[in-house]
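Quick note, the sequences are listed as chains S and R, same order. The first sequence begins at 279 in our numbering and counts up by one. The second sequence begins at 279 in our numbering and counts up by one.
Check before you lean on any hint, since a few could be wrong.
Pairs of lysine to any residue residues, derived as SDA-like cross-links and limited to a Cα-Cα distance of at most 20 Å, are as follows [as the list claims (entries may be wrong)]:
no., chain 1, residue 1, chain 2, residue 2
1, S, Lys440, R, Ile429
2, R, Lys451, S, Leu466
3, S, Lys440, R, Lys609
4, S, Lys451, R, Asn433
5, S, Lys440, R, Asp400
6, R, Lys440, S, Lys545
7, S, Lys426, R, Val439
8, R, Lys609, S, Cys636
9, S, Lys545, R, Glu511
10, S, Lys545, R, Ser627
11, R, Lys451, S, Gly442
Derived from the structure by calculation, the hints contain no laboratory data.
There are 2 protein chains.
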Amino acid sequence: MITAPIRASLLCFNPYNKCFSSVSSIQRFSFFSRAKSTALATGSAGLKLCFGDLCSNSQISGGVKVGAEFQFDRRSMSISSSNPSPVADQLLMENGVQPTELLIAVNDEYGGVIIEMEEPMDSEVFRSSLSASLSQWRKEGKRGVWIKLPIEHANLVEPAVKEGFWYHHAEPKYLMLVHWLPKTENTLPANASHRVGICAFVMNDEREVLVVQENAGKFKGTGVWKFPTGVIEQGEDVSLGAVREVKEETGIDTEFVEVLAFRQNHKSFFEKSDLFFVCMLRPLSFDIQKQESEIEDAKWMPVDEFTAQPFWQREGLPKHIVDVCLAKMDKGYAGFAPTPTITSSSNQSSYMYMNCQCLNQPSSSRI
Amino acid sequence: MITAPIRASLLCFNPYNKCFSSVSSIQRFSFFSRAKSTALATGSAGLKLCFGDLCSNSQISGGVKVGAEFQFDRRSMSISSSNPSPVADQLLMENGVQPTELLIAVNDEYGGVIIEMEEPMDSEVFRSSLSASLSQWRKEGKRGVWIKLPIEHANLVEPAVKEGFWYHHAEPKYLMLVHWLPKTENTLPANASHRVGICAFVMNDEREVLVVQENAGKFKGTGVWKFPTGVIEQGEDVSLGAVREVKEETGIDTEFVEVLAFRQNHKSFFEKSDLFFVCMLRPLSFDIQKQESEIEDAKWMPVDEFTAQPFWQREGLPKHIVDVCLAKMDKGYAGFAPTPTITSSSNQSSYMYMNCQCLNQPSSSRI
Numbered sequence: 279m280i281t282a283p284i285r286a287s288l289l290c291f292n293p294y295n296k297c298f299s300s301v302s303s304i305q306r307f308s309f310f311s312r313a314k315s316t317a318l319a320t321g322s323a324g325l326k327l328c329f330g331d332l333c334s335n336s337q338i339s340g341g342v343k344v345g346a347e348f349q350f351d352r353r354s355m356s357i358s359s360s361n362p363s364p365v366a367d368q369l370l371m372e373n374g375v376q377p378t379e380l381l382i383a384v385n386d387e388y389g390g391v392i393i394e395m396e397e398p399m400d401s402e403v404f405r406s407s408l409s410a411s412l413s414q415w416r417k418e419g420k421r422g423v424w425i426k427l428p429i430e431h432a433n434l435v436e437p438a439v440k441e442g443f444w445y446h447h448a449e450p451k452y453l454m455l456v457h458w459l460p461k462t463e464n465t466l467p468a469n470a471s472h473r474v475g476i477c478a479f480v481m482n483d484e485r486e487v488l489v490v491q492e493n494a495g496k497f498k499g500t501g502v503w504k505f506p507t508g509v510i511e512q513g514e515d516v517s518l519g520a521v522r523e524v525k526e527e528t529g530i531d532t533e534f535v536e537v538l539a540f541r542q543n544h545k546s547f548f549e550k551s552d553l554f555f556v557c558m559l560r561p562l563s564f565d566i567q568k569q570e571s572e573i574e575d576a577k578w579m580p581v582d583e584f585t586a587q588p589f590w591q592r593e594g595l596p597k598h599i600v601d602v603c604l605a606k607m608d609k610g611y612a613g614f615a616p617t618p619t620i621t622s623s624s625n626q627s628s629y630m631y632m633n634c635q636c637l638n639q640p641s642s643s644r645i
Numbered sequence: 279m280i281t282a283p284i285r286a287s288l289l290c291f292n293p294y295n296k297c298f299s300s301v302s303s304i305q306r307f308s309f310f311s312r313a314k315s316t317a318l319a320t321g322s323a324g325l326k327l328c329f330g331d332l333c334s335n336s337q338i339s340g341g342v343k344v345g346a347e348f349q350f351d352r353r354s355m356s357i358s359s360s361n362p363s364p365v366a367d368q369l370l371m372e373n374g375v376q377p378t379e380l381l382i383a384v385n386d387e388y389g390g391v392i393i394e395m396e397e398p399m400d401s402e403v404f405r406s407s408l409s410a411s412l413s414q415w416r417k418e419g420k421r422g423v424w425i426k427l428p429i430e431h432a433n434l435v436e437p438a439v440k441e442g443f444w445y446h447h448a449e450p451k452y453l454m455l456v457h458w459l460p461k462t463e464n465t466l467p468a469n470a471s472h473r474v475g476i477c478a479f480v481m482n483d484e485r486e487v488l489v490v491q492e493n494a495g496k497f498k499g500t501g502v503w504k505f506p507t508g509v510i511e512q513g514e515d516v517s518l519g520a521v522r523e524v525k526e527e528t529g530i531d532t533e534f535v536e537v538l539a540f541r542q543n544h545k546s547f548f549e550k551s552d553l554f555f556v557c558m559l560r561p562l563s564f565d566i567q568k569q570e571s572e573i574e575d576a577k578w579m580p581v582d583e584f585t586a587q588p589f590w591q592r593e594g595l596p597k598h599i600v601d602v603c604l605a606k607m608d609k610g611y612a613g614f615a616p617t618p619t620i621t622s623s624s625n626q627s628s629y630m631y632m633n634c635q636c637l638n639q640p641s642s643s644r645i
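Please model the entire structure based on the sequences and the hints provided.
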């Protein structure tokens, strides 16, 4: 059923064919040339490709890869990448002459579809195919429509926006756009809203704390000695990130013990919030080698001298940090220790942070 | 000094002037017409505007508004919007004929600049101005260059990428691009990496827990009774978000008590991670009114009946959640209670979550 019209359309893609009348048509041909060879070589495709007997091989998943999760609510999302949208097999006629291929998509579990553009495409061809695809998906009652655009296809951002898409999130190498087709309020999953930071309380047996002075930022030139701090990297555990930051800034090896407290702050970075975890770590080495790029100086400082600094006596976050750290050392303060656990919907391992002192968990189950 | 060349260039923007030879020039004129009137009306500008005596009035901040924060490390960032970049006053000559205005920018505290595009602009004019601006900023030793592009200016995404910019983050109405000019490793601030979710443990005096069945998502049709869950909204406190979710899903009013534990999971949504907080709330009302859109059913269920469900006996996150909730009710488990605090670098209020039982904080200081 598909082969005939596709073969007919392929004739029009002959570059020597007089039927070429626009730049768009020429780019359309070059797109198909690239897409075909890539499809044959790698099995990836940005558009539905169909060349006679290759039809059955061109059911290519464009699904976005996501990991398992514990369900927050319906706005959470996972993809059934093995379930390509049936619309990928369909063709529409544009002005009764040029066929407009629908964008290949995969269904998600919430009645929506996901398009992952892997091949370059002329922006006019893309907008035409996207418009036709949206009409088809509206007829089918689809809900959220996602387009993952690698940065090398930035030419497709404007046409997507013109078709009603808005931005959902972005990473250095791609932009995720989304469109909600129903007239009902959208139930699309939330974007990441928080950055995660840590502050590392490390004390040796002489009641000396590991402190640094930074050579940039708000503390530069203030003379304030502070705990090592840092931002957790994408995909990094809070506990492992704290150990990494201490090692990077001071050269000290540590073992993570507990999260003693955390602070949530809003609009700390553009519209985003942050969660700042006060962590206790046990030192495993003691010879300091400071990080040249970010640290002006680092040393072991008697805790009384540290807490005597005016900055750390200020009401608010600084004093709270000192209070929980001293309570941990002197009053048996119980924080949250990381306990290895398994995500319910998969075998992915993660850490549950909880008050293991109260739960009387065996120490062997701790990190 | 600036007035003369600007007046000269304005002559070329007369639409009846024969010197027009390209669409770009015409759009350039229309841009200046819009920009000028907008500048006069609202004081906002995407490009440096300078019309004789208006020069002194056109020192307009394009700074991105950010809130106060506790410093994680040098990658943290805040903007001195009162400090416009001097380059905004400069003009370069393009082919010795058409002046190329440099993009107006404000300096950040880390040796970089920020451009906030508020006016429409032709993409060719933008790329030309951006290219000239980058050359100038390289000479000045600038580091990170930020461009905040409202979605209505999506036509400027491709030229920015062609000039070497990449995506930093995106929200529904804007895309933030960034470029690192030095040859050294970039120390740009991290993007938000986590979504924050909550699970609400609410028990009445009859040891009945507030439970729901969802009408969508992984739990749909499973018959599993679960605690209310949800995603914290942008700018929302964990404690207030938990109270909101319980109210939305069940109609029950609650008072937040403690975070009992939290779980960090990775790749839960595309490349993003999530932090899932197990919260205890005290019920203030008891008549359930379930949310029609997301909740199939809601009720008070005896806790023994709840924990007897096979799902909640599974090793991993479900059993951990049950363990900490039962320990809270029967073993005096101490979680982290939110304590109002003040951000050190401002008077912005936020919550510090810590083990107040160990600290013997007066209950009045709790939320």
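The hints, checked one at a time:
Our distance criterion of 20 Å between C-alpha atoms is met by S/Lys440 and R/Ile429, whose separation comes to about 10 Å. A threshold of 20 Å between alpha carbons decides the hint, and for R/Lys451 with S/Leu466 the separation of about 15 Å falls inside it, so the pair holds. With a C-alpha separation of about 59 Å, the suggested pair S/Lys440 and R/Lys609 falls outside the 20 Å cut-off, and the hint is violated. Straight-line distance between C-alpha atoms of S/Lys451 and R/Asn433 comes to about 18 Å, which keeps the hinted pair within the 20 Å bound.
Between S/Lys440 and R/Asp400 the CA atoms are separated by roughly 16 Å; this keeps the pair inside 20 Å, and the hint holds. As the CA atoms of R/Lys440 and S/Lys545 are separated by approximately 30 Å, the hinted pair breaks the 20 Å bound. Between S/Lys426 and R/Val439 the CA atoms are separated by roughly 16 Å; this keeps the pair inside 20 Å, and the hint holds. For the hint linking R/Lys609 to S/Cys636, the alpha-carbon distance of about 7 Å falls within 20 Å, and the restraint holds.
Proposed proximity of S/Lys545 and R/Glu511 is supported: the alpha carbons are some 13 Å apart, at most 20 Å. Distance restraint check for S/Lys545 and R/Ser627: the Cα-Cα separation of roughly 12 Å lies within the 20 Å cut-off, and the hinted pair is therefore satisfied. For the given pair, R/Lys451 sits about 12 Å from S/Gly442 by alpha-carbon distance, which is consistent with the 20 Å threshold.
Hints 3, 6, counting from the list given before, are not met by this structure.
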